[in-house]
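S.K.: Chains as they are written, first to last, in the working numbering: chain A, 31 to 401; chain B, 31 to 401; chain C, 31 to 401; chain D, 31 to 401.
Simulated from the structure, these hints should not be mistaken for laboratory data. Since this is a predicted model, take the numbers as computed values, not measurements. Fair warning: there could be bad hints in the mix.
[What the hints assert, rightly or not] In silico DSS-like pairs for lysine-lysine, Cα to Cα no more than 25 Å straight-line:
(1) K379/D - K388/C
(2) K377/A - K173/B
(3) K377/D - K339/C
(4) K396/A - K388/B
(5) K316/B - K379/B
(6) K114/D - K114/B
(7) K388/A - K271/B
(8) K259/B - K339/A
(9) K134/D - K114/B
(10) K377/C - K339/D
(11) K339/D - K298/C
(12) K388/A - K388/B
(13) K298/D - K396/D
(14) K339/A - K329/A
(15) K379/C - K377/D
(16) K388/B - K259/A
(17) K339/D - K259/C
(18) K377/C - K379/D
(19) K259/D - K339/C
(20) K379/C - K379/D
[Said to hold, decoys possible] One side only, chain C facing chain A, incomplete, derived with CB under 10 Å:
(21) V79
(22) G83
(23) W86
(24) T88
(25) I89
(26) Q92
(27) R96
(28) L99
(29) H113
(30) N115
(31) I117
(32) K180
(33) L251
(34) D253
(35) W254
(36) E258
For glycine and all other residues, C-beta sits at the position ideal for the given N, C-alpha and C.
4 protein chains.
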Amino acid sequence: MKNIFFLFVLCCGISQVTAQHSHKSQHALTYPDIEGYVTLKTDLHIHTVFSDGDVWPTIRVQEALRENLDAISLTEHLEYQPHKNDIPHPNRNRSYDIALAEAKEHDLIIVHGSEITRSAPMGHSNAVFIKDANPLLQDKGEKAFSEAKKQNAFVFWNHPAWHAQNPQGNPILSDFQKERIKKGELHGIEVINSIDYNEESLALALEQNLTIMGTSDIHGLIDWDYTEKGNDRPITLVFAKEKTLESMQEALFEGRTVAVYNALLVGKEEYLNPLIHSSIVVTSAKYFKNTQVLEVHLKNVSSSPLLFKNAMEYGFYSSSPVFEIPALGTYTLRIKTLDEKENIDLKLKAIGAFTAPKQSPVVSWKISVEK
Amino acid sequence: MKNIFFLFVLCCGISQVTAQHSHKSQHALTYPDIEGYVTLKTDLHIHTVFSDGDVWPTIRVQEALRENLDAISLTEHLEYQPHKNDIPHPNRNRSYDIALAEAKEHDLIIVHGSEITRSAPMGHSNAVFIKDANPLLQDKGEKAFSEAKKQNAFVFWNHPAWHAQNPQGNPILSDFQKERIKKGELHGIEVINSIDYNEESLALALEQNLTIMGTSDIHGLIDWDYTEKGNDRPITLVFAKEKTLESMQEALFEGRTVAVYNALLVGKEEYLNPLIHSSIVVTSAKYFKNTQVLEVHLKNVSSSPLLFKNAMEYGFYSSSPVFEIPALGTYTLRIKTLDEKENIDLKLKAIGAFTAPKQSPVVSWKISVEK
Amino acid sequence: MKNIFFLFVLCCGISQVTAQHSHKSQHALTYPDIEGYVTLKTDLHIHTVFSDGDVWPTIRVQEALRENLDAISLTEHLEYQPHKNDIPHPNRNRSYDIALAEAKEHDLIIVHGSEITRSAPMGHSNAVFIKDANPLLQDKGEKAFSEAKKQNAFVFWNHPAWHAQNPQGNPILSDFQKERIKKGELHGIEVINSIDYNEESLALALEQNLTIMGTSDIHGLIDWDYTEKGNDRPITLVFAKEKTLESMQEALFEGRTVAVYNALLVGKEEYLNPLIHSSIVVTSAKYFKNTQVLEVHLKNVSSSPLLFKNAMEYGFYSSSPVFEIPALGTYTLRIKTLDEKENIDLKLKAIGAFTAPKQSPVVSWKISVEK
Amino acid sequence: MKNIFFLFVLCCGISQVTAQHSHKSQHALTYPDIEGYVTLKTDLHIHTVFSDGDVWPTIRVQEALRENLDAISLTEHLEYQPHKNDIPHPNRNRSYDIALAEAKEHDLIIVHGSEITRSAPMGHSNAVFIKDANPLLQDKGEKAFSEAKKQNAFVFWNHPAWHAQNPQGNPILSDFQKERIKKGELHGIEVINSIDYNEESLALALEQNLTIMGTSDIHGLIDWDYTEKGNDRPITLVFAKEKTLESMQEALFEGRTVAVYNALLVGKEEYLNPLIHSSIVVTSAKYFKNTQVLEVHLKNVSSSPLLFKNAMEYGFYSSSPVFEIPALGTYTLRIKTLDEKENIDLKLKAIGAFTAPKQSPVVSWKISVEK
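Excised from the complex, chain A in its bound form (with noise of 0.2 Å):
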């Protein structure tokens, strides 16, 4: 029977070269890093078959080189494992052990991680950067994020407003947050879970000082829940100082984040407001011969495509004062500034984008004119 083992790493020699072409698909995200900070794009709420995912968690690699991502963290439910009879494997660090190795020679930060599952109001919590998933299998949820912390753990509350848990709705703080959240065991919420923001949860995440995340909560496939509906898979952006595992760690305590899907993008002000800053890069501004019009043109580097509404005392010559700049394009803006200015302030609302409920950043850019 040795032969067959041979045999099979010569195996699909001919398809492997031509998958290889495609980790890098026209669904690549990309986003600017910002001042101080380099942004990483990162998914850590994704399933597997090890607990009630559909796919190997080799495909949820490729799936993150397909699109650019920076860092994945596979969180299987601990307690809810509806393949038990076919997957029974008492050690539930297998998945991370898995995606590890699939990712070995790729830039792709795998972060160990697991969900801890509970009905209402516990809800569902996962735990990243752990050290070891086993001991976090406990009856009682209070002792599961005791060991999380023990092991340094980040832990985020998922999809709070979740109505088969709350069918009004609306996320409920209960005394089991509260009481979590003042023991230093619970650090950051969804805002953005799968398909569903949730303002009230930013709200929460603004009082309590929690960090803001956006996850996919994928089980099936991500190009059929979201890339062929014409939508990228929602992702929290982690604003660090390099990209390392730590580093990552350090930002998401620190609550540097920004949860972001397709258009919509969610965060304190301190971080979208730059993101948005570095996403529009001014390429050039130049007055129409003979006239006081302003021709500014305006290039989106993110994969966001990004809503602005004038904020300025000026009014533009040609554009609606409501005006879209398509991911990763182009847009050219005629401002009527009524005489020549050397340098000018363009100041946008970004309507699309929210640092609290209902509530989007002004972003200004400063413009020198060219002569």
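Assemble chains B, C and D onto chain A, guided by the hints.
M.R.: Just chains B, C and D, lined up with the frame of chain A:
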């Protein structure tokens, strides 16, 4: 030589068959009627080789049929005739006559028109629904306007903010225009001309009670200037009692219009509001089982992508409070009504639409919840 | 813990609704029936995590539903089990059982199958329509085949020309296969396996009277390996008396198949010829007025682009003598019949289809000319 | 009135900037040079409003620039002037003069031409490289041709098989043409006119040693008649010593052409063969490790999809023996060479290309295998 003519009747039999199929193309525009009126899609500012355009009038008719317009007007410059050495026609009605013949078998209204062309401060104006273009060719601008009035023409001011005439990019209402308005010789104003939207012209329209117009001012090809760049041509929606030349003329004199360019809609609230109301159809509204989350399916039956912002007291369950319903597309809103209702008022601000500079209408739909 | 299970029943209510819509996707395959038989679209060579594939069996069912297949078989390697430390199931029927449950509400036939895997010269073979996979796991290949026969399985030889087993890239019919054929234990042969078409395997199929098969042999995702590269998965069209498991089995034993990969169709003339005949529908045939040029409109009702070459004595008026009718598309032929006919035989050589190595069938359609 | 003209110089400043970008569009055509010659992409049969076309000559120049043509000729009917009441120019060179001015800043050759138009049996012919169109307007066809010869024009017979003149759809070589050929007054023949390919005209070209031509004969818009239907305009590739008017004229008199319409290429073997040879570039050739299967990467550097059929003694490992290499696309052939070679001759029959009715050339490429 008689044979040659016979021969050309047969000529191109094959390709004509094919051409007919392409009249209603994928770029066909559609907008719903509003209560009491049919909505006519019109472009009343167009050029051909009979002034400074690049195509024979037949192409303009074919372009309009492909885009499903209801009415067009070929508004040749009376005074600016760069091709006059080649086309020395003394009769300024030729462009109209040719278009009329081409449209004969089709349900497309050809409005007889002309452009009266002067440098600032008089500028350019279109007289449409004229009977004879020749008498409008006058040395004095005042005489051209009074002749247009004699013919009961509807006259509108073209691109009042054009930077070539007004270097600041803003319209200047001169004594000439004031006099024309006073005498009932000027009835409308372009707020959208080709790719340019001008808020100050909208302010003038409201202040002077002028009809709000949007036109393509096309000289080259609609496909090259608009379609292949992902845009639709700018048009004026006219709310007429019926689809006839006379009804359309009456509606224009009465100011019943909305100017449209892609996602941008500009009009008086009394017409813009019902247009948006008709454009969005609620196709179903039902609570998720065992929750107070109401799922509402919306359908945009217009060719404009429509941008909205939540204007209700209730939050959304999944969507961003700012969202777009694609042209002829659908969107699912999930509304947290907190307890179960039998009826609710869906209230949305149409942030891509304007009833005055920077002012967007709030539109509401009465929704009956299905059991 | 009871609550957790209740909770997961509700879970994902929203996304399931959406998922149902995508079952019949834009990649749904369609092929017409032929006289006397229904045409079943089947893929009988597929892997999951239960051998060396990357997904749970449910994904395979969903892929098949999206592509509108009629039948699939999950043919796990019995002997090659790279995931056996994680999935140590002693029961080799699990993959089948899970797929069967997933397909329950759908009109998709799940064929019970397994792959018998050896190094050359035995190579790999699939046994389908088995009752129990476990007894097929045998040390000696001969015993595996005799057990398959006992279960009345239809057995076919996989990728006989695989370069990892045959470095020249050609199949070698060994004594092992000869013996199996003689004993009635080997009934079919893959002429298309994944992206590979092998003419010599077709020659063997004809020489040994084996059923002609085409399969995807998918391990990863159909979308990544085929769809996003512009290809459809390879399939076997089975011409069955009705759409049942039994009928399909009977048809395979009788050799009523065509293997298909995009524009490539391979089958015995008696089935390939009627398939192409049914795939092209003549929708009208009329003379141009006053000419002897007959215009014939053709419609391809299959998902394969079909390549043809003129095989008539008459020339074409406009088309190249070599032309393609796109998948589900139309084509207009203009035929110079020299005088006016009431009927003609349209004769075309289907140059992308093969009934033997390098041999393409000529198909003919009787056309009645309209007056 | 002086102001008006100044004003129109400024006019449209914005849109002209944009228009320049679209000159080289996605439909730009490209074909490789062949040994000893540059390959010029030409369309020498075009109409404008100066005969029975629908656009001003400037549009024809812009269409040609968008499609990356090297040369065009506006060949107005001298005798058929449906717009002559509006455009009563006595000078038949106007169309040429306007196009020449429009093309001034671009690298596009404008060839002076005219169409000589008669009913059958004389039919239609184009005289190109003329000096003055006016003297070609003659009552007697014979005089028009002798005048063209006096000007050293290259003259070709248009759509000889046109059903409106020849109801059987086949060309009839009359005494008129025979006399013209004998006198050296007729040098070429269209085998492709608009969407029509005529094999009998190709037979005539070979029999009478006439230059093989392909033209669009466009009257409306290239986009509507060709591009938006997925086609490129038909052209004649001219193999000239250099890109000049004189060189092109010499090449046409010498018969160095290939007529092209999408995948269809028609020409004499001595030019068609090298064109296909140059169109396919072998980018690598290497054996799969431990096999005798040679993998050859091919790149099509032309805008025509090229259809091939295996013409070697060796079989393919994966591909169908009939395959297409997409326009500007790539293809991977795997060839079973049975033992390892250092060099092989790749031989393919180009089945979409014709050197005579129904006759396709076999082209070969010398391949050095990489170690």
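S.K.: Are the hints correct? Go through all of them and say.
M.R.: Now the hints, each set against the structure:
1. K379/D - K388/C: Roughly 13 Å between the alpha carbons, so the hint for K379/D and K388/C holds.
2. K377/A - K173/B: violated, 46 Å
3. K377/D - K339/C: holds, 21 Å
4. K396/A - K388/B: holds, 24 Å
5. K316/B - K379/B: holds, 23 Å
6. K114/D - K114/B: Status holds; Cα separation ~14 Å.
7. K388/A - K271/B: violated, 41 Å
8. K259/B - K339/A: holds, 22 Å
9. K134/D - K114/B: holds, 22 Å
10. K377/C - K339/D: holds, 21 Å
11. K339/D - K298/C: The hint holds at about 21 Å.
12. K388/A - K388/B: holds, 19 Å
13. K298/D - K396/D: holds, 22 Å
14. K339/A - K329/A: Holds, at about 16 Å.
15. K379/C - K377/D: Measuring from Cα to Cα gives roughly 22 Å; hence the hint holds.
16. K388/B - K259/A: With a Cα-Cα distance of about 33 Å, the restraint between K388/B and K259/A is violated, given a limit of 25 Å.
17. K339/D - K259/C: holds, 22 Å
18. K377/C - K379/D: Answer holds: K377/C to K379/D is near 22 Å, not above 25 Å.
19. K259/D - K339/C: holds, 22 Å
20. K379/C - K379/D: holds, 17 Å
21. V79: V79/C check passes; min Cβ-Cβ to chain A is 5 Å, inside 10 Å.
22. G83: The hint holds - G83/C has a Cβ within 10 Å of chain A, the shortest such distance being about 8 Å.
23. W86: Given a least distance of 5 Å, the restraint on W86/C holds.
24. T88: holds, 6 Å
25. I89: holds, 5 Å
26. Q92: holds, 8 Å
27. R96: holds, 8 Å
28. L99: Not OK, violated: L99/C not within 10 Å of chain A, min 16 Å.
29. H113: Holds - the Cβ of H113/C comes within 10 Å of chain A, reaching about 8 Å at its closest.
30. N115: holds, 8 Å
31. I117: holds, 6 Å
32. K180: violated, 23 Å
33. L251: holds, 7 Å
34. D253: holds, 5 Å
35. W254: With a minimum Cβ separation of about 6 Å from chain A (threshold 10 Å), the hint on W254/C holds.
36. E258: With Cβ-Cβ at 7 Å, under 10 Å, it holds.
Going down the numbered hints, you'll see the structure goes against 2, 7, 16, 28, 32, while the others check out.
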